[in-house]
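K.L.:
Sequence:
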Amino acid sequence: MRYEILGETLPVVICYLESGEKMVTEGGGMSWMSPNMKMETTSNGGIGKIFGRAFSGEKMFQNVYTAQGGEGMIAFASCFPGSIKAFEIAPGQEMILQKSAYLAGENGVELSAFFNKKIGAGLFGGEGFIMQKASGHGIMFAEFDGHVVEYELEAGEQIVVDTGHLAAMTASCTMEIKSVPGVKNMLFGGEGVFNTILTGPGKVWLQTMPISNVAGVLSPYFPSSSK
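Here the sequence shown is numbered in full-length UniProt numbering, starting from 1 and rising by one per residue.
No lab work stands behind these hints, which were simulated from the structure alone.
These figures come from a predicted structure and were not determined experimentally.
Backbone N, C-alpha and C fix where the C-beta goes; we use that ideal spot for every residue, glycine too.
Just so you know, not all the hints are guaranteed correct.
Stated by the list, open to error - The calculated label-pair distances, taken between Cβ atoms and stated as ranges, are:
#: 1; residue 1: Phe222; residue 2: Glu157; range: 34 to 44 Å
#: 2; residue 1: Val217; residue 2: Tyr151; range: 20 to 30 Å
#: 3; residue 1: Thr42; residue 2: Gln158; range: 38 to 48 Å
#: 4; residue 1: Ala155; residue 2: Ile5; range: 26 to 36 Å
#: 5; residue 1: Thr42; residue 2: Pro223; range: 36 to 46 Å
#: 6; residue 1: Val149; residue 2: Leu10; range: 12 to 22 Å
#: 7; residue 1: Gly20; residue 2: Val160; range: 42 to 52 Å
#: 8; residue 1: Asp162; residue 2: Arg2; range: 28 to 38 Å
Whenever a hint applies, use it, and build me the whole structure from the sequences.
P.N.:
Below, the structure is given as structure tokens:
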């Protein structure tokens, strides 16, 4: 499979498949394709995987697109101004992603819900409570909000992140939610009550414009319903 990612603010990934190669996406993920691409809707696993995808923010069923009779082409566009990143998934190279980040992937990539093992992260992590885990093998494409900044953390090295800015991390990293120190900081700091502590070794990808922040900025300009 060959691919190219085009566009900056509103990107799209265009995949070129050899005959018989497959791409998997959730319903509504396909933007355009060549006429020799065959679509099949599948649960892609048992009832556990179906509900696991639902918990992680994805739809219960997925669409599998197969190139038939020669090279095929299929495109997947981002649904929000931001970035599309390609990741090579393999045993020992699993990825943890924010909810709904998965855009499309080769047939060997498996998607499941990832629950943070630390109780604090589960109770107070917001977007970090339930995330997506990509495992298996193959290329996967993820969409993130705004520009993406990548950091590589050494063993024990940490970075403090507002939870909404965490886009992805390698599964070798750990994540913990901690409260902001000081009552005055909590009440008047404007940065929220909790922060996410990411610890290496591994890579983390941080997004500059979480969609939740955008919604908060725009909400005062939306007309409220009159009673």
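K.L.:
State for each hint whether it applies.
P.N.:
Checked hints:
no. : hint                        : in the structure
1   : Phe222 x Glu157: 34 to 44 Å : holds (41 Å)
2   : Val217 x Tyr151: 20 to 30 Å : holds (26 Å)
3   : Thr42 x Gln158: 38 to 48 Å  : holds (41 Å)
4   : Ala155 x Ile5: 26 to 36 Å   : holds (31 Å)
5   : Thr42 x Pro223: 36 to 46 Å  : holds (42 Å)
6   : Val149 x Leu10: 12 to 22 Å  : holds (19 Å)
7   : Gly20 x Val160: 42 to 52 Å  : holds (47 Å)
8   : Asp162 x Arg2: 28 to 38 Å   : holds (37 Å)
Taken one by one, the earlier hints all hold for this structure without exception.
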